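Chemist: What follows is each chain in one-letter form.
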Amino acid sequence: MSNRIDVKKTYKLYINGAFPRTESGRTYEVKSAKGAFIANPCLASRKDLRDAVVAARAAHAGWNKATAYNRGQILYRIAEMLEGRRAQFVDEIVAVTGVTKVKAEKEVTDSVDRLVWYAGWTDKIASLSGSTNPVAGPFYNFTIPESVGVVAAIAPETPSLLGLIDVVAPIITSGNTVIVLASTKAPLSAMTFAEVLATSDLPHGVINILTGKKEEIAPWMASHMDIDAMDISGVPAKMHSEIKVAGAENLKRIHSFKSADPGRIIAFMEAKTVWHPIGL
Amino acid sequence: MSFYGLVDGTEASLKSYLNNLSGVDQVGAEARAAMLATRSIKTTSKRWAIETAITMVDLTTLEGADTPGKVKALCTKAVRPDPTDSSVPSVGAVCVYNDMVSVARTHLDLIGGQHVPVAAVSTAFPSGRASMPVKIQDTQDAIDAGAAEIDMVIDRGAFLAGRYIDVFNEIVQIKEVCADKAHLKVIFETGELVTYDNVRKASFLAMAAGADFIKTSTGKVAPAATPPVVLVMLEAVRDFYEMTNTRIGVKPAGGIRTTKDAIKQLVLVNETVGPDWLNPKLFRIGASALLNDLLMQRMKLDEGYYSSPQYVTMD
Numbered sequence: 001m002s003n004r005i006d007v008k009k010t011y012k013l014y015i016n017g018a019f020p021r022t023e024s025g026r027t028y029e030v031k032s033a034k035g036a037f038i039a040n041p042c043l044a045s046r047k048d049l050r051d052a053v054v055a056a057r058a059a060h061a062g063w064n065k066a067t068a069y070n071r072g073q074i075l076y077r078i079a080e081m082l083e084g085r086r087a088q089f090v091d092e093i094v095a096v097t098g099v100t101k102v103k104a105e106k107e108v109t110d111s112v113d114r115l116v117w118y119a120g121w122t123d124k125i126a127s128l129s130g131s132t133n134p135v136a137g138p139f140y141n142f143t144i145p146e147s148v149g150v151v152a153a154i155a156p157e158t159p160s161l162l163g164l165i166d167v168v169a170p171i172i173t174s175g176n177t178v179i180v181l182a183s184t185k186a187p188l189s190a191m192t193f194a195e196v197l198a199t200s201d202l203p204h205g206v207i208n209i210l211t212g213k214k215e216e217i218a219p220w221m222a223s224h225m226d227i228d229a230m231d232i233s234g235v236p237a238k239m240h241s242e243i244k245v246a247g248a249e250n251l252k253r254i255h256s257f258k259s260a261d262p263g264r265i266i267a268f269m270e271a272k273t274v275w276h277p278i279g280l
Numbered sequence: 001m002s003f004y005g006l007v008d009g010t011e012a013s014l015k016s017y018l019n020n021l022s023g024v025d026q027v028g029a030e031a032r033a034a035m036l037a038t039r040s041i042k043t044t045s046k047r048w049a050i051e052t053a054i055t056m057v058d059l060t061t062l063e064g065a066d067t068p069g070k071v072k073a074l075c076t077k078a079v080r081p082d083p084t085d086s087s088v089p090s091v092g093a094v095c096v097y098n099d100m101v102s103v104a105r106t107h108l109d110l111i112g113g114q115h116v117p118v119a120a121v122s123t124a125f126p127s128g129r130a131s132m133p134v135k136i137q138d139t140q141d142a143i144d145a146g147a148a149e150i151d152m153v154i155d156r157g158a159f160l161a162g163r164y165i166d167v168f169n170e171i172v173q174i175k176e177v178c179a180d181k182a183h184l185k186v187i188f189e190t191g192e193l194v195t196y197d198n199v200r201k202a203s204f205l206a207m208a209a210g211a212d213f214i215k216t217s218t219g220k221v222a223p224a225a226t227p228p229v230v231l232v233m234l235e236a237v238r239d240f241y242e243m244t245n246t247r248i249g250v251k252p253a254g255g256i257r258t259t260k261d262a263i264k265q266l267v268l269v270n271e272t273v274g275p276d277w278l279n280p281k282l283f284r285i286g287a288s289a290l291l292n293d294l295l296m297q298r299m300k301l302d303e304g305y306y307s308s309p310q311y312v313t314m315d
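These protein sequence lines are chains A and B, in that order. Counting along the first sequence from 1, when you hit position 38 you're at 38 in our numbering, and nothing is skipped either side. Counting along the second sequence from 1, when you hit position 255 you're at 255 in our numbering, and nothing is skipped either side.
No lab work stands behind these hints: they were computed from the structure. Please read all numbers here as calculations on a predicted model, not as lab measurements. Be a bit skeptical, because a hint or two may be false.
Derived Cβ-Cβ restraints for the label pairs, each shown as a range [claimed, not checked]:
# : chain 1 : residue 1 : chain 2 : residue 2 : range
1 : A       : 146       : B       : 309       : 16 to 26 Å
2 : B       : 39        : A       : 131       : 37 to 47 Å
3 : A       : 198       : B       : 69        : 36 to 46 Å
4 : A       : 109       : B       : 220       : 34 to 44 Å
5 : A       : 198       : B       : 242       : 52 to 62 Å
6 : B       : 258       : A       : 61        : 41 to 51 Å
7 : B       : 301       : A       : 255       : 24 to 34 Å
8 : B       : 39        : A       : 255       : 37 to 47 Å
Positions of the beta carbon are idealized from the N, C-alpha and C atoms, including for glycine.
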């Protein structure tokens with residue numbers, strides 16, 4: 001047998017359920033911890049972000065209207081698909097970050113568990129943060145939290161897979177759609193995660209994943225008038241005030257978090273009061 | 001009627017006129033349209049293109065569910081597309097069904113939109129399946145109600161069956177009704193004509209019969225105004241200008257939803273018939289959703305960040 005030529009994967013973006021190359025045609029090099037070349041992922045431009053926002057906005061109505069039960073099923077389905085591809089994620093994390101196999105396996109396990117955890121929250125969060133309000137009149141009064149709309153997020157540099165899921169899962173749990181910029185140095189598991197999403201019955205456009213540089217994309221996320229909120233957990237603290245100033249134009253809710261907790265879901269929900277007259 | 005000396009009104013002369021047309025190179029037309037679509041229009045050129053495209057929009061609502069309120073809202077938007085910015089020009093025209101013409105005309109006059117004409121879709125739009133007296137009455141009604149532009153549909157059934165003279169006579173009769181009171185735009189419904197050869201043939205037929213504008217589609221059938229179809233029609237207009245020294249307008253309609261699509265159309269015009277046609281007297285774009293995207297792109301150029309559909313009116 002002659003030596004077979006490797007069939008290498010082209011890492012592309014994930015926008016509206018499809019895998020397009022960046023509109024800009026640019027790529028950058030991803031190297032292993034020891035400096036060896038691994039892959040050329042896309043260096044996304046602000047126009048890719050714009051396309052992703054259009055997709056996320058279009059997907060919001062349907063995802064927001066889906067029952068909490070259905071959203072939970074789909075989150076669980078993502079966990080199932082991720083579980084089935086453990087080995088590939090472990091290999092990629094080891095190759096790019098140089099951590100031990102044991103540590104990489106723990107990260108994937110935690111990622112699956114985290115998705116299952118958020119899947120359980122979909123139909124409980126409304127009763128945690130909403131309320132029935134006592135009123136002195138012939139009507140009921142409920143406070144019902146709803147998703148805010150389109151959320152942009154920057155995933156932390158490490159851990160590359162668990163960090164991404166920690167950012168994305170709470171946002172979509174309540175019915176938001178999201179555009180997330182993956183870890184710059186370790187974007188491979190994010191793009192392989194997109195393949196998991198593509199086979200998980202997740203409606204197109206609910207999660208859109210870009211790879212590229214924070215300095216290039218984050219300011220455009222902050223100023224985009226059709227993005228309602230931002231998770232800047234993955235942005236260095238020195239950029240936070242700049243982003244918050246740009247985001248003030250359309251009153252974006254901008255948050256950053258340290259750990260997984262239900263507060264991450266509630267942060268991207270807003271309460272609307274609905275009055276129901278009795279007897280009509 | 002002289003028909004530019006090209007046809008004498010008999011079936012024989014029309015046949016020989018249409019048979020003498022050259023065929024369309026399908027692969028060539030598609031390749032040229034695709035090549036022109038790759039032109040990149042940026043910064044000041046883009047701003048000019050956006051403003052020009054706004055003046056060319058025939059702001060359209062052609063739904064069974066059109067209410068007087070919706071038509072009035074559309075008219076308000078036509079006169080001043082961006083309520084927050086008076087430097088945005090008015091659109092080319094408002095395009096409505098016949099029975100909404102008087103509502104539109106009255107409201108436009110009321111709000112200072114005397115300069116915005118009303119276009120009416122007539123002759124049993126969109127199918128064109130009615131008798132000739134009905135089509136004539138339909139057109140007359142629209143003109144009486146104040147329409148300054150008539151968008152008529154041709155009888156595609158007659159055209160596809162080869163009864164070109166029937167189509168020709170139909171256009172001639174509607175043109176007589178319009179006379180000097182209204183501009184006549186002739187809709188081919190290119191999606192139903194199937195081939196580019198048919199589109200070219202229909203273009204020459206309509207132009208000889210007296211059309212002021214030739215228009216691709218009703219917006220009810222897909223595919224509609226694809227770039228190759230518009231290219232074929234523009235080439236017909238260019239050739240007709242060489243033959244008769246008369247400038248005929250072109251109106252693509254249907255499927256043009258984004259600023260990018262609109263700019264592609266302007267590039268086609270500039271490269272095929274030249275800059276003379278880059279004005280609303282000779283080029284219009286039939287659309288409804290397009291205007292919001294043009295406004296959003298214009299805001300992006302002004303403000304430096306991407307806008308949201310929340311900041312333009314709903315249709």
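Chemist: Against each hint, give a clear statement of whether it holds in the structure.
Modeler: Hints, verified against the model:
1. About 19 Å separates the C-beta atoms of residue 146 (chain A) and residue 309 (chain B), a value consistent with the hinted range of 16 to 26 Å.
2. Roughly 57 Å separates the CB atoms of residue 39 (chain B) and residue 131 (chain A), a value that falls outside the hinted 37 to 47 Å.
3. Take residue 198 (chain A) and residue 69 (chain B): their Cβ atoms lie about 44 Å apart, and the range 36 to 46 Å holds.
4. Look at residue 109 (chain A) against residue 220 (chain B): about 55 Å separates their beta carbons, and that is not inside 34 to 44 Å.
5. Between residue 198 (chain A) and residue 242 (chain B), the C-beta spacing of about 53 Å keeps the proposed range 52 to 62 Å intact.
6. For residue 258 (chain B) and residue 61 (chain A), the hinted distance range of 41 to 51 Å is not satisfied, since their beta carbons lie about 20 Å from each other.
7. For the pair residue 301 (chain B) and residue 255 (chain A), the beta carbons lie near 31 Å from each other, so the given range of 24 to 34 Å is met.
8. At about 42 Å, the beta-carbon gap between residue 39 (chain B) and residue 255 (chain A) stays in the expected band of 37 to 47 Å.
Checked against the numbered hints above, the structure violates hints 2, 4 and 6; every other hint is satisfied.
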